[in-house]
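Engineer: This is what each chain is made of:
There are 2 protein chains.
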Amino acid sequence: MNPKTIPGYDYASPTIARSPVTLADLASLKVSVGLTSEDERYLQMAGSVLAGQTHQIVQHWRSGIIAGIPNLARHSQAPEGQPLPAYLAASSLRFEQWILDTCLLPYDQDWLNYQHEIALRHTSLRKNQTDHVQSTPYVPLRDILAFLAVMNQTIRPYLAAKNHTPEEVDRMHSAWCKSMQLQIALWAAPYSDAKLALNEW
Amino acid sequence: MNPKTIPGYDYASPTIARSPVTLADLASLKVSVGLTSEDERYLQMAGSVLAGQTHQIVQHWRSGIIAGIPNLARHSQAPEGQPLPAYLAASSLRFEQWILDTCLLPYDQDWLNYQHEIALRHTSLRKNQTDHVQSTPYVPLRDILAFLAVMNQTIRPYLAAKNHTPEEVDRMHSAWCKSMQLQIALWAAPYSDAKLALNEW
Chain A
361 MNPKTIPGYD YASPTIARSP VTLADLASLK VSVGLTSEDE RYLQMAGSVL
411 AGQTHQIVQH WRSGIIAGIP NLARHSQAPE GQPLPAYLAA SSLRFEQWIL
461 DTCLLPYDQD WLNYQHEIAL RHTSLRKNQT DHVQSTPYVP LRDILAFLAV
511 MNQTIRPYLA AKNHTPEEVD RMHSAWCKSM QLQIALWAAP YSDAKLALNE
561 W
Chain B
361 MNPKTIPGYD YASPTIARSP VTLADLASLK VSVGLTSEDE RYLQMAGSVL
411 AGQTHQIVQH WRSGIIAGIP NLARHSQAPE GQPLPAYLAA SSLRFEQWIL
461 DTCLLPYDQD WLNYQHEIAL RHTSLRKNQT DHVQSTPYVP LRDILAFLAV
511 MNQTIRPYLA AKNHTPEEVD RMHSAWCKSM QLQIALWAAP YSDAKLALNE
561 W
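Which chain is which? The protein sequence lines are A and B, in order. Here the working numbering is used: the first residue of the first sequence is 361, the next is one more, and so on. Here the working numbering is used: the first residue of the second sequence is 361, the next is one more, and so on.
Bound conformation, chain A alone:
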């Protein structure tokens, strides 16, 4: 899918704000998670493996897991629990693209800016606005942190689906998990910023 046709996918768009996180902060975070240039190569490999599987993966997460956890499912629903199919569809397309972006894009200023935008879209500052819907006012930080465990675990068989060696799968998975930890560190920023989203744990 051409990412330019995904509703609300504003990567590198002049309409999104510059991240308050600097490239120097990002470099420090990469050191703290242990993300090396070797990991970056395995992320590229993961991207080539996951391309073509992203729809299935997001369906697995959303229909297979989140739909069965009311506490998480409500964030894609209207306040009384009614489905919002257009919201779910558009955000799932962005979710799919995010898997590829995680693996294939350079972690540069544009990436950092969109990380900030993704973070804000989970908080009361920006949730629901992109898709003009009424749903939960924000996704609590704890739900994001917690669900990451599920994404890290369930991605593994998809990484193993293209006949790579167990060692290659391990290395792709390790690089993926480091990137996830880096990203949730970035996404946590507005939740702990007195000028942004507070008390949305």
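Worth flagging that the hints you see were computed from the coordinates, not collected in a lab. Take these hints with a grain of salt, some might be off.
Same chains, same label: a pair holds when it works inside one copy or across any pair of copies.
Straight-line Cα separation of at most 30 Å, DSS-like style, residue types lysine-lysine; simulated pairs [said to hold, decoys possible]:
| no. | residue 1 | residue 2 |
| --- | --- | --- |
| 1 | 487 | 522 |
| 2 | 487 | 390 |
| 3 | 555 | 522 |
| 4 | 364 | 487 |
| 5 | 487 | 555 |
| 6 | 364 | 522 |
| 7 | 364 | 390 |
Could you slot chain B onto chain A? The hints should help.
Structural biologist: Okay, now just chain B, sitting in the frame of chain A:
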């Protein structure tokens, strides 16, 4: 080591506060990370495997990794970078015990209260107080979130060190990673609470 002799290890002590997180919140978080009763059995297995290795693991993390990352090492040092051996020693003993507690203790009200205490001891509200030291005023939330990737990756060989099958090692590791994600969700709480630690990302 008898945990009662560890300086500042206040598990289930009447001196620590009740967690603002409820047992119902905890139950929800367990569902979100996917922590099942089967995982709880594998955590017990992990506890029996890691017992006797905790000193080595914490040395690996602290001397082998954190010491080489100035941005992280400073949280155990005096403001000008001088070592604080007594602080490092006491907090390392607590770190070792935390590995065992993660695996072996029930996640009940006492556990929840001590999770809250651990969280606060990383923030400006309580850091340095337990050991009466001068060090960095707090550990930024992003450093905690980021370093978890390293702990998750490096724990694996220790889980494999006692001749369990690859499947058992996988299951212990998966249960460990879920518990980690659950715990950082809990530790993030005071960082996003307007009444507690703000702007400490």
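Engineer: At most 30 Å between alpha carbons: which applies to residue 364 and residue 390, within, between, both or neither?
Structural biologist: within (28 Å within a copy, 37 Å between copies)
Engineer: Give the relationship of residue 487 and residue 522 under a CA distance limit of 30 Å: within one copy only, between copies only, both, or neither.
Structural biologist: Answer is neither; intra-copy 36 Å and inter-copy 47 Å both fail.
Engineer: Check residue 487 against residue 390 for me: Cα-Cα at most 30 Å, and say if that holds within a copy, between copies, both or neither.
Structural biologist: both (27 Å within a copy, 25 Å between copies)
Engineer: Given a CA cutoff of 30 Å, do residue 487 and residue 555 count as a within-copy pair, a between-copy pair, both, or neither?
Structural biologist: both (17 Å within a copy, 24 Å between copies)
Engineer: Using 30 Å as the alpha carbon limit, work out where residue 555 and residue 522 are close: within a copy, between copies, both or neither.
Structural biologist: Answer is neither: 46 Å inside a copy and 50 Å across each miss the 30 Å cutoff.
Engineer: Under a CA distance limit of 30 Å, which applies to residue 364 and residue 487: within one copy, between copies, both, or neither?
Structural biologist: within (21 Å within a copy, 47 Å between copies)
Engineer: Please work out whether the CA atoms of residue 364 and residue 522 approach to 30 Å or closer within one copy, between two copies, in both situations, or in neither?
Structural biologist: Classified as within; 28 Å inside a copy, 51 Å across copies.
Violated hints, in rising order: 1, 3; the structure is consistent with all others.
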